[in-house]
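Numbering-wise (our numbering), the sequence shown opens with residue 1 and increments by one.
No lab work stands behind these hints: they were computed from the structure.
In this text, all values refer to a predicted model and were calculated from it rather than measured experimentally.
Take the hints with a grain of salt, since some may be wrong.
Now the in silico label distances, taken between C-beta atoms and shown as ranges [to be verified]:
no. : residue 1 : residue 2 : range
1   : Ser-115   : Arg-77    : 15 to 23 Å
2   : Ala-69    : Lys-92    : 13 to 21 Å
3   : Glu-106   : Pro-56    : 23 to 31 Å
Every residue, glycine too, gets a C-beta built ideally from N, C-alpha and C.
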Amino acid sequence: MIDRIIQALESITMVFDTLSIPYYIGGSVSAYQYGYQRATNDIDIIADIQEAQAYPLAMQLGNDYYADAEMIRDAIRRRSSCNFIHLSTGLKVDIFLLKDTPYTYEQMRRRHMVSFDATHQFPVSRSKIPSSPSSTGTILAAKSQIGNGKTSMN
């Protein structure tokens, strides 16, 4: 299963990096990196996507993912979520738009690179973060996220 997750993450994180979209991986995938075993059929990514990035994002994901620019724009306007389907693995990637709160900005700021295997690293947020307000939902249940390696992670 981790091989399929890495395959799906490689292409989407490359596009996020190219478009300078800050992000981190959340949910059970990040929990796995901290030793928590949870069955998963999807990947959660928290991202700070701007409306002007919606169309380029959908176009660049087009070869590897089912992604719709209008769905992305709607999620950005509502600061909610959308999802993409990785075509070769069938994995669903849920994209949760970064909320405009100090807590979520701190989560993004605290990300650092974590090895998923011998050759793949993806950024995650530090595991010791105070309980989140209920508005952040189950995304943060694992108290760890992944982020964009091309932006500042200080």
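Checked hints:
1. Ser-115 x Arg-77: 15 to 23 Å: 36 Å, violated
2. Ala-69 x Lys-92: 13 to 21 Å: 18 Å, holds
3. Glu-106 x Pro-56: 23 to 31 Å: Distance hint for Glu-106, Pro-56 holds at roughly 28 Å.
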